[in-house]
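Hey, can you work out the whole structure from these sequences and the hints?
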Amino acid sequence: MRLSQEDIVLITLMLQLKNTLMLGLQYSLISIGFTLFFGMLNVVVFCHGGFYILATFIGTALVSLVLGLSGVSPVLSGMLVFLMLFLAMSLTGLTGVLVERTTIKPFRSSPPVMPILSTMAVGIILEQLLKLFYPEGANPQVFPQFFSNRGLSFGEFTISNSELVILLVAVVSLTLMFLFIKKTKIGSQVVAISQDFEAASMMGINVDRAVSITFFIGAALAAVAGFMNGIYYTVFRYDMGTIAGIKGFSGAVVGGLGSVFGAVIGGFLMAFVETFAAGYIPGGSAIRDVFSFLVVLLFLIFRPSGIIGQKSIEKV
Amino acid sequence: MNKKNGFLPALITIVVSYVLLMLFMGVDNLIISGAIIVFLVGGGFFIYRKKSLLDCIVAGFRDYKGSLLITAVVLSVLLPLFFLKNHYIIHIFTLALIYVIASVGLNIQVGSANMTNFSQGAFFGIGAYTSALMTVKLGLSFWIAFPSAVLVAGIFGFLMGLPTLKTREFHLSLVTIAFAYVAYLLILNMRWTGGADGIAGVPKPTIFGLSIFKTVRLGGLRIPWTTFYYYFTLLFVGIGIYFAWKLHNSWIALGWNAIREDEISSKCYGLDLNKIKLSAFFIGSLYAGAAGSLYVHFVGFISTESMAFSVGLLMVCMVILGGMDNILGVILGTVLLIVIPEKFRAFQDFRLLFYGIILILMLIFRPQGLIPKKVRRYSLSTGGDHGK
Amino acid sequence: MENNRLLSAENIIMSFGGLKALNDVSISLKDNEILGLIGPNGSGKTTFFNVVTGIYAPTEGNIFFLDSDIAGSSPQDVARRGVLRTFQTSRLWLELSILDNLLLGMWMREKPNSLTAILRYRKVKEDFRVKAAEALEYMAVFSEELAGSPYRQVKELALVDRRRVEICRALLARPRLLLLDEPAAGMDPSETRELMRDIRKMQEKAKSLGVIIIEHDMDVISDIAERVVVFNFGRKIAEGTFGEIRKNKEVREAYLGKEYADA
Numbered sequence: 001m002r003l004s005q006e007d008i009v010l011i012t013l014m015l016q017l018k019n020t021l022m023l024g025l026q027y028s029l030i031s032i033g034f035t036l037f038f039g040m041l042n043v044v045v046f047c048h049g050g051f052y053i054l055a056t057f058i059g060t061a062l063v064s065l066v067l068g069l070s071g072v073s074p075v076l077s078g079m080l081v082f083l084m085l086f087l088a089m090s091l092t093g094l095t096g097v098l099v100e101r102t103t104i105k106p107f108r109s110s111p112p113v114m115p116i117l118s119t120m121a122v123g124i125i126l127e128q129l130l131k132l133f134y135p136e137g138a139n140p141q142v143f144p145q146f147f148s149n150r151g152l153s154f155g156e157f158t159i160s161n162s163e164l165v166i167l168l169v170a171v172v173s174l175t176l177m178f179l180f181i182k183k184t185k186i187g188s189q190v191v192a193i194s195q196d197f198e199a200a201s202m203m204g205i206n207v208d209r210a211v212s213i214t215f216f217i218g219a220a221l222a223a224v225a226g227f228m229n230g231i232y233y234t235v236f237r238y239d240m241g242t243i244a245g246i247k248g249f250s251g252a253v254v255g256g257l258g259s260v261f262g263a264v265i266g267g268f269l270m271a272f273v274e275t276f277a278a279g280y281i282p283g284g285s286a287i288r289d290v291f292s293f294l295v296v297l298l299f300l301i302f303r304p305s306g307i308i309g310q311k312s313i314e315k316v
Numbered sequence: 001m002n003k004k005n006g007f008l009p010a011l012i013t014i015v016v017s018y019v020l021l022m023l024f025m026g027v028d029n030l031i032i033s034g035a036i037i038v039f040l041v042g043g044g045f046f047i048y049r050k051k052s053l054l055d056c057i058v059a060g061f062r063d064y065k066g067s068l069l070i071t072a073v074v075l076s077v078l079l080p081l082f083f084l085k086n087h088y089i090i091h092i093f094t095l096a097l098i099y100v101i102a103s104v105g106l107n108i109q110v111g112s113a114n115m116t117n118f119s120q121g122a123f124f125g126i127g128a129y130t131s132a133l134m135t136v137k138l139g140l141s142f143w144i145a146f147p148s149a150v151l152v153a154g155i156f157g158f159l160m161g162l163p164t165l166k167t168r169e170f171h172l173s174l175v176t177i178a179f180a181y182v183a184y185l186l187i188l189n190m191r192w193t194g195g196a197d198g199i200a201g202v203p204k205p206t207i208f209g210l211s212i213f214k215t216v217r218l219g220g221l222r223i224p225w226t227t228f229y230y231y232f233t234l235l236f237v238g239i240g241i242y243f244a245w246k247l248h249n250s251w252i253a254l255g256w257n258a259i260r261e262d263e264i265s266s267k268c269y270g271l272d273l274n275k276i277k278l279s280a281f282f283i284g285s286l287y288a289g290a291a292g293s294l295y296v297h298f299v300g301f302i303s304t305e306s307m308a309f310s311v312g313l314l315m316v317c318m319v320i321l322g323g324m325d326n327i328l329g330v331i332l333g334t335v336l337l338i339v340i341p342e343k344f345r346a347f348q349d350f351r352l353l354f355y356g357i358i359l360i361l362m363l364i365f366r367p368q369g370l371i372p373k374k375v376r377r378y379s380l381s382t383g384g385d386h387g388k
Numbered sequence: 001m002e003n004n005r006l007l008s009a010e011n012i013i014m015s016f017g018g019l020k021a022l023n024d025v026s027i028s029l030k031d032n033e034i035l036g037l038i039g040p041n042g043s044g045k046t047t048f049f050n051v052v053t054g055i056y057a058p059t060e061g062n063i064f065f066l067d068s069d070i071a072g073s074s075p076q077d078v079a080r081r082g083v084l085r086t087f088q089t090s091r092l093w094l095e096l097s098i099l100d101n102l103l104l105g106m107w108m109r110e111k112p113n114s115l116t117a118i119l120r121y122r123k124v125k126e127d128f129r130v131k132a133a134e135a136l137e138y139m140a141v142f143s144e145e146l147a148g149s150p151y152r153q154v155k156e157l158a159l160v161d162r163r164r165v166e167i168c169r170a171l172l173a174r175p176r177l178l179l180l181d182e183p184a185a186g187m188d189p190s191e192t193r194e195l196m197r198d199i200r201k202m203q204e205k206a207k208s209l210g211v212i213i214i215e216h217d218m219d220v221i222s223d224i225a226e227r228v229v230v231f232n233f234g235r236k237i238a239e240g241t242f243g244e245i246r247k248n249k250e251v252r253e254a255y256l257g258k259e260y261a262d263a
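Just so you know, the protein sequences line up as chains A, B and C, in that order. For the first sequence, our numbering gives the first residue as 1, with consecutive numbering after it. For the second sequence, our numbering gives the first residue as 1, with consecutive numbering after it. For the third sequence, our numbering gives the first residue as 1, with consecutive numbering after it.
What the hints contain is simulated information worked out from the structure, not anything from laboratory work. It is possible that part of the hints are untrue.
Under 7 Å between C-beta atoms, here's a sample of chain A residues computed to sit facing chain B [what the hints assert, rightly or not]:
no., residue
1, P112
2, V113
3, I125
4, I287
5, D289
For every residue, glycine included, the Cβ atom is placed at its ideal position computed from N, Cα and C.
If you want it as structure tokens, here you go:
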């Protein structure tokens, strides 16, 4: 079958939109972490990209373990894979809690440059630990494929099963996170702390616990993004966390630091710029990040409070 | 305060640290090197705990600046003579000197004005590329390329400063990160910068048409060319530090400190924040450009590897380790971070891990750095100097 | 405009969202006058200072200072015209020394430039020497002890001493209008009296200097201010000499009533 010019244009567009969706979900999941941490503690956790890539590594290790088992029925194996991904999420979440306790909490009353630098250092350490101590860590890794690549097809345009699954997982985690914040008691405490840290602690809210829970959730969401990365691109490397983290931070800033909804919008905007610059600008593929950073710079210059964010009135 | 006792302890501190550092670099035994490190750290800690001794040394440094400076210059000049047989070590010290220039410039932003700039590596690269392109592609002399590199880096610093005027803290850091990536990616993907291959064959500087950077034999003595480049760089370091020190003791540095401490207060006292911030970015980038140019004419090659984001991060580490807003501290921090890992080349892979751990330990246990910033002193006519 | 009128704020409204922190406030000040501004917490006194010094742009209204409208100007611009202030929770440059802070107060009298630092370093040094002498002379009026330890970091000082440094820093900028936000907070009565006396002294020395002092305590203000303005809920409820204010019924209810309740 020969494709007409119009078909090609349409399929390309669909493909770009799919890429935007996949990448946008990843960035949103990372951005939400940034925004939650910032809302709560007024810190930017620069090692957040480290959580993301850490999760990809842990997920790979655990899932490979399951897939290596022989004599397990496909159904059981599938369930085990999910269990392992869940385990990887939890481990990443716990890492988040640990990092907050050891390298953010000591700087709660220091100038803001301190936690910037300390979390940046943690980011380097996480990355280097993966590189040095994971088997063959310096080389690109392959994410195990646990679904056949068949999937839904719309003419020439396909979405594979694994893509569908990961989409589902991402959407479910996002929904759960929203529900958690809106509906649970701890969620409302998190909101209260974001609005006024001191007042919340005076009202007897266990701030430390709420902070830990927030870091657990934030890092776990980054873990989901990490799996998406692994499943969608199959190949990943230890140093992918830094740039993903910076993109996620950019998304959070563009959307408006402190707003969860803004983080989602910002994440998608970053993905959109990147994907379409790569797809439609000649020679844009290699320098797509230049376009995303230019968008960030424009926002920082003309609307530093972001899309959703409100102008804050400085207390004097 | 016993003024008389200050000089000797300060002098001994300098000389002992120097000798230990020379031994550390000179011996070819990892155990001895390790032992020297332990001794240095232990000695430093001992002095730190013994308050009276520490005060004495600090006072010595304050009251005998001139003679101690001469000592330091003499020691730096003697340095390569210990390593004539091992020209690699001179190479490392030259690199350290080059990075000193960049980090002294970065200190203006990070230390004096509290603007955490992660893009000093990018400006270093911009300076290096400018110099390389002008000498390799246009065939111009170092003496035209160097000032151009300094100026081009400065102009880019100024331009990057513009969007930071409205931003602070995290947003400002994001601007600098974005800039570092944009500069890196553009240079990597442009044809006339050599792309991923970089630019090779950058010539060494000549002085009045003479190529002095050549290995020389004096009788039985072989003096590697790096020795001469070391002195060449030392000269630039001297000039750079001299300017930085003058700036540090002038109105403009007071302005930098004021915006570091409290922006609102600064506004209400009529300080022009834009001008002050831009001057910090401009001047700091001039230093980065100078360092980049000296680097590329030393190594003879430049690629985007040398201006990656991690380079900027490393420079921030140097400032933090040494001591923010303290020029002497920044020099110390830079030399330590360049020289010590070189010795443990067997553990080359662990280098970044080491930087990360050092940074975090410093932030937690000694956020003010090895040599904390000092209160400015003025020559007072009233003699009201009862302060400590 | 009348002659010798220094400041004239007319019908100022400052609203944050729906809340009117200042509601149709007018205040004027003659040259060389000391005006007291009193009122309960949250009555808009500090907001008034923030509006005058350009930290907030007023929602409505004009502020004439020396006959030009400064409403909505930037804080730098207002400062350069000669309006200086202190802050309720003193805002000094904490890591810097007393002397550094005082010198920075004189920033506007200088035209600092990075090139002079490099090219004419000797001149810069000499300039600092002269300025430092002047700064410490001012400081000595408020506290000999502080003037005697110019290199102490401000963060080491007690809050009361920080206020003294802050007032001194403002005076060194040679202001035409000085806004003092609760300068005596935290001081005991004798310290307060001393401070008020020193402020008066400096004001007379400066020859043409208007001062507005925010105070919580009416007695403090009675010593120093010729005229008093009373705020409540963002409105000016009374104005006059201390004696007149004291008799004002609304003031007694809004203000003194609360004071008695507190006591």
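Hint check:
1. P112: Where the cut-off is 7 Å and the nearest Cβ of chain B is about 5 Å from A/P112, the hint holds.
2. V113: 5 Å, holds
3. I125: 4 Å, holds
4. I287: 5 Å, holds
5. D289: Holds - the Cβ of A/D289 comes within 7 Å of chain B, reaching about 6 Å at its closest.
In the structure shown, no violation is registered for any of the earlier numbered hints.
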